[in-house]
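There are 2 protein chains.
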Amino acid sequence: MRISELSRRSGVPAATIKYYRREGLLPEGRALNPTTVEYDEEHLQRLRLIRSLIQLGGLSVARTREVLEAVDRPLDAFETLGVVHHALPVPSAETEDPTGKRGEDGEDGTGPDSAAGEVAPAGAAARVEALIENMGWQISDASPHRPALAESLAALSRLGTDYTADDLVPYARLATSTADLDFAQFDGIEDRIALAERAVVLTVLFEPVVRLLRRLAQEDANHRRHQRRAGGRGEQPTE
Amino acid sequence: MRISELSRRSGVPAATIKYYRREGLLPEGRALNPTTVEYDEEHLQRLRLIRSLIQLGGLSVARTREVLEAVDRPLDAFETLGVVHHALPVPSAETEDPTGKRGEDGEDGTGPDSAAGEVAPAGAAARVEALIENMGWQISDASPHRPALAESLAALSRLGTDYTADDLVPYARLATSTADLDFAQFDGIEDRIALAERAVVLTVLFEPVVRLLRRLAQEDANHRRHQRRAGGRGEQPTE
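Protein sequence lines, in the order shown, are assigned to chains G and U. Counting in the numbering used here, the first sequence runs from 42 upward without gaps. Counting in the numbering used here, the second sequence runs from 42 upward without gaps.
It cannot be assumed that every hint is accurate.
Identical copies look the same in the list; a pair holds intra-copy or inter-copy alike.
Heads up, simulated SDA-like pairs for lysine to any residue below, C-alpha to C-alpha not over 25 angstroms straight-line [stated by the list, open to error]:
{"id": "1", "residue 1": "Lys59", "residue 2": "Thr205"}
{"id": "2", "residue 1": "Lys59", "residue 2": "Arg106"}
{"id": "3", "residue 1": "Lys59", "residue 2": "Gly201"}
{"id": "4", "residue 1": "Lys59", "residue 2": "Leu73"}
{"id": "5", "residue 1": "Lys59", "residue 2": "Val131"}
{"id": "6", "residue 1": "Lys59", "residue 2": "Ser198"}
{"id": "7", "residue 1": "Lys59", "residue 2": "Thr76"}
{"id": "8", "residue 1": "Lys59", "residue 2": "Phe227"}
{"id": "9", "residue 1": "Lys59", "residue 2": "Phe119"}
{"id": "10", "residue 1": "Lys59", "residue 2": "Leu109"}
Hint data in this document are derived by calculation from the structure and do not stem from the laboratory.
Given only the sequences and the hints, what does the whole structure look like? Please build it.
Encoded structure:
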């Protein structure tokens, strides 16, 4: 197909496709003549993966190149998913501001000597290990999610809210059920690039869906809780 | 207590406390004499709420003032939680980059004519409404989470992955269970400021914990899946 069709089918503007090609993320097409380049289905699939990594995963071009190299190495699905999973941004209590800056007015808001960046108390890391052991989870030592969870628990502790490993077990059980739903989405996908793309989708793009479902469920729980207290005289459903 | 003790007990630097006071977020203390100001437990509690809203919630000073005014208005817990909940940043597929910019090198990465910002197909909003109806959820028309979820589903569609309302129901059920765990944490809290603070903690600060538990559960699910395929000859637990 020509770049115009590649752009139409991928939803990626031609100028962006050329940019990815210049950056070496997308293989060259087959030159039919000095002015016409032919692309195939593999280019289309690779393009969708590049786009999801950069635009939705927030990965840099360099980080994206690393992931693509891993995808192209002869790894099994397990390893491919691991590489993609670990390359993606890690949730953190310090990065919950979607504007990327503290405050719409650009004001840091925390004033001088902000406490942000305090180190996690040793207790937090110990609680993470206890939770992983309680759950019988198999987590690699290199997982970026261990220290990230410890930092989040430490931030909660600094706010005066301590969660023990036992407190987190019910949440961890629900997380396991969610992950099982996630992996059911991999069934039948054998192609490594398709698996990597789905891993990105599930880890990055589907994450806000899961978070928003939680927010909506919280809204609903708040309504139900209110009605219970008000003896059923609560706000009516808007649907 | 003096500002030094207020700082010690809140974990907020004295300079930051003075900054919040200058911004009118924290009420003046009681002046014992021209050089000494006395603060009480209410100042401490308010300070912790301000800090969680600004530093962890990523709210601007102006937005924080709005929330504090809502907390001080004679609202019931239901309304207070609603105000806090809606004031907080909304998860979005466009803001998953924790660095706040696309790419560590500052390079946008999507090149010119980025497709970011495409409008959500009407179908996405319809799927959100269908899901809310299927779940019997009570969601206010003003909820920022409806359009945010529609946009996330639209982003998935643009990537060639369509989720129907039925596809999302199992996830929504787990989200309901998670929300029930969340609200169990409100039991016994009657004080509005304490409720608002807990709402911030649960919505903002506990969110990365839930997300990280999902990541860890995905890692474990990947290990289990790998071992099943490999007939049990998989990586051994690291714990």
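Quick rundown of the hints versus the structure:
1. Lys59 to Thr205: neither (51 angstroms within a copy, 33 angstroms between copies)
2. Lys59 to Arg106: For lysine 59 and arginine 106, only the intra-copy Cα distance (16 angstroms) is at most 25 angstroms; the inter-copy one is 47 angstroms.
3. Lys59 to Gly201: between (52 angstroms within a copy, 21 angstroms between copies)
4. Lys59 to Leu73: Classified as within: same-chain Cα gap 17 angstroms, cross-chain 69 angstroms, threshold 25 angstroms.
5. Lys59 to Val131: Classified as neither; 29 angstroms inside a copy, 33 angstroms across copies.
6. Lys59 to Ser198: Between copies only: 23 angstroms across, 48 angstroms inside.
7. Lys59 to Thr76: within (14 angstroms within a copy, 66 angstroms between copies)
8. Lys59 to Phe227: neither (31 angstroms within a copy, 53 angstroms between copies)
9. Lys59 to Phe119: Result: close neither inside a copy nor across copies, 32 angstroms intra and 52 angstroms inter.
10. Lys59 to Leu109: Classified as within: same-chain Cα gap 17 angstroms, cross-chain 50 angstroms, threshold 25 angstroms.
In summary, the numbered hints that this structure violates are 1, 5, 8 and 9.
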